Structures are given as C-alpha cells and as structure tokens.
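Here's the letter readout for the chains.
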Amino acid sequence: MLIYHFCTSVNESNVYLLIDEESKESLLIDVSTWTETMQKVLDEHRTKLIGVFITHEHYDHTSGLGNLYRSYPNLIRYPKNEFFHNPENENFNTLTVGRWQGKILPLPGHTPESVGLHIGNVIFTGDALFAGSVGGTVSSWEAKRQVEAIKKNILILPEHTLVLTGHGPASSVGIEKKYNPFL
Amino acid sequence: MSEIAIIKYLFERPSDTKQNQILQMPPTLSPELKEQILKKSLRGSNLRGVNLMGVWLEGIDFSEADLTEACLEFAILSSCNFQNCKLEKANLRRANLIGANLEGAHLREADLYYARLTCANMQKADLSGANLERTILRCADLRGAILNNARGHPVIDRTKMEGIVSC
Chain A
1 MLIYHFCTSV
11 NESNVYLLID
21 EESKESLLID
31 VSTWTETMQK
41 VLDEHRTKLI
51 GVFITHEHYD
61 HTSGLGNLYR
71 SYPNLIRYPK
81 NEFFHNPENE
91 NFNTLTVGRW
101 QGKILPLPGH
111 TPESVGLHIG
121 NVIFTGDALF
131 AGSVGGTVSS
141 WEAKRQVEAI
151 KKNILILPEH
161 TLVLTGHGPA
171 SSVGIEKKYN
181 PFL
Chain B
1 MSEIAIIKYL
11 FERPSDTKQN
21 QILQMPPTLS
31 PELKEQILKK
41 SLRGSNLRGV
51 NLMGVWLEGI
61 DFSEADLTEA
71 CLEFAILSSC
81 NFQNCKLEKA
91 NLRRANLIGA
101 NLEGAHLREA
111 DLYYARLTCA
121 NMQKADLSGA
131 NLERTILRCA
141 DLRGAILNNA
151 RGHPVIDRTK
161 MEGIVSC
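Quick note, the sequences are listed as chains A and B, same order. According to the working numbering, the first sequence is numbered sequentially starting from 1. According to the working numbering, the second sequence is numbered sequentially starting from 1.
If you're looking for bench data, these hints aren't it; they were derived computationally from the structure. All clues given are correct.
Pairs of lysine-lysine residues, derived as BS3-like cross-links and limited to a Cα-Cα distance of at most 27 Å, are as follows: (1) A:Lys-48 <-> B:Lys-8; (2) A:Lys-40 <-> B:Lys-8; (3) A:Lys-177 <-> A:Lys-103; (4) B:Lys-8 <-> A:Lys-177; (5) A:Lys-177 <-> B:Lys-40; (6) B:Lys-40 <-> A:Lys-178; (7) A:Lys-178 <-> B:Lys-124; (8) A:Lys-103 <-> B:Lys-8; (9) A:Lys-24 <-> A:Lys-80; (10) B:Lys-8 <-> B:Lys-39.
Computed from a prediction, not measured in an experiment: that's the story for all the values here.
Make the full structure from the sequences, and use the hints.
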C-alpha cells in the first residue's frame, strides 16, 4: 500500500491518496482541493480511483469535490449515507481498496458526522485526532464524546499504527497514548 | 501553488514497522546512514543538510549530532534524543517532536513553524532567532531556554517557562 500525503494550501489541510499497487485501485481521503499534481500522481501510477472518503463536512476537507467530480463523475463517496443510520452494519462500515479492507469508525465531536478510516496499519483521523491534540468542539459535551470515541475506536489499535491526521504531521497510536494530554 | 508538501508512505507488511521505516527513507540516503537509523543511534553523527522529510525516526538518539540546516519537515521525531544536538537553521516545520528531549539543543534560527513539541524537554535549549509561529509547546518544559529574537505566536498551555532568557 502506497500513500501520498499532500499538504495543501487550503488551511494547510492534508489530502491523502491511498494506492494498492497490485490491483492499481486507489482511494482519496479528503479533498480540500483537486490539483494537477494529484491528477499527475494518479496517472503516473495508472490507478483506478474507486472512491473518495470524506472524514467530515468542513470546507477545508471538501472544497475540491466539485473539480474532482468533474473529472470522475461516477466516483463513490464514502461513508455512504446509510452508514450514519447503521454504523455497526458491515455492509456500510467497510470498504475495499484492492487487497486492503478498511473499516469506517465513527469519531463524533469535531462535527457530529466525523469519521475515521482504519486500513492496513494506518488510521486516517480527519480533525478528530491530531499529533498531541484533538479536534475543536462546540461544547464540553461534544469534547467528552470525541475523547470517548477516540479511546473506544483508536487507542485500542496496535501501538505502531500510523495516525494520519487532517492537519499537521503524522503520529502513531503509541505516541498518542503516551503523550496526548487530552486523552 | 496548491501543494505545500508531498510525502510518500509505503506499507507492504502491516505489522512490520522496521520495514516501513526503511521504505519511507529517501533513496538518496547512503546505506550506512540507513543502517544507523535502523539501529536507532546517530549519536555524534555529521548530518549537516541531510534531507529526512517525512521519515519515521521515532526514538532515535541524535545527541551531540550535527543536523545544521537539515530538512526534517513532517518527520516523526517523537521521543528522539536531541540533547546538545546542533539544529541551527534546521527545517523542523510541521515536525512531530512530541516527547522529544531537546535539552541544551542548539536551535538558533531553526524553523519550527507548526511543529508539535507537546511534552518536549527544551530546558536550556537555544532558540535565538527561531521561528515559533503556531509552534505547539503544550506541556513542554522550556525552563532556562534562550529565546532572544525568537518570533511568532506559539501555543503556550501548561508550558514550564521559569528562567527563560529573552530580549
């Protein structure tokens, strides 16, 4: 599994492109912008883009959707709407990229519909969890809900799991367990 | 320019972090340096100007090493030992330095823009002229650090700051 990490000029948010090199299938994670460089990487690897995974509905994670859909009008968007009604249903909380099967994890708090994606030994956390910090929330109740979701869904993963966040550098589950003062 | 930085991560064996670490290293690094990184000890090494952008270097001993003008942007440097390390003019933008030991490190004119230094030990570090814009110093220990002409608006929260030298 190859992952490209693009730090973009839209609020310095991160866009990730996950490629399964064997099947050539690929998945975008968030799309603050859709650029020629990203298209070039896709073309160079001759991948088939099967979908776009949106961690939450803020502009700095979705602004590129319009341009992306102009290039790929039939792209599947994840999570599907049904996921939010049935987050435990395997028909809606899993997705497959070539040889890799990912699980969609609810991480409410930063926004009510915030989600993460655990695939291979990587977790994409959007703005729920950052290196050494957590996402901003509108109330202490949402903050508590977010921490509970992180503990339940992320901190149980193996410590070497790479944490790829919506902004800033990568981390690992082990680093966050040891040092994150919010958890 | 829509991309500020592009980093590549490669995973073939989900449970093999050592393998991942090798695959993330730039192809320009010498085999000797790669081997030293895997042994987690670069103590006293001459690494001036080295490019380790985005590389997973967690827990490595860089004490007394010379990383002057090195590029460590987006690198994962959590729990690394940089005691008395030379990091003058180093690019540490958006680096993960959580829990790192930077006691007595020489960071003059280093660029720490948006770097994560949560719980880092920066006692007596020389940060003269450093860029601290958006640098996260939450729970960090800056006692006795030198901040002459350091600039920017870092995040200060539960940061130990007694005896800081600043003008």
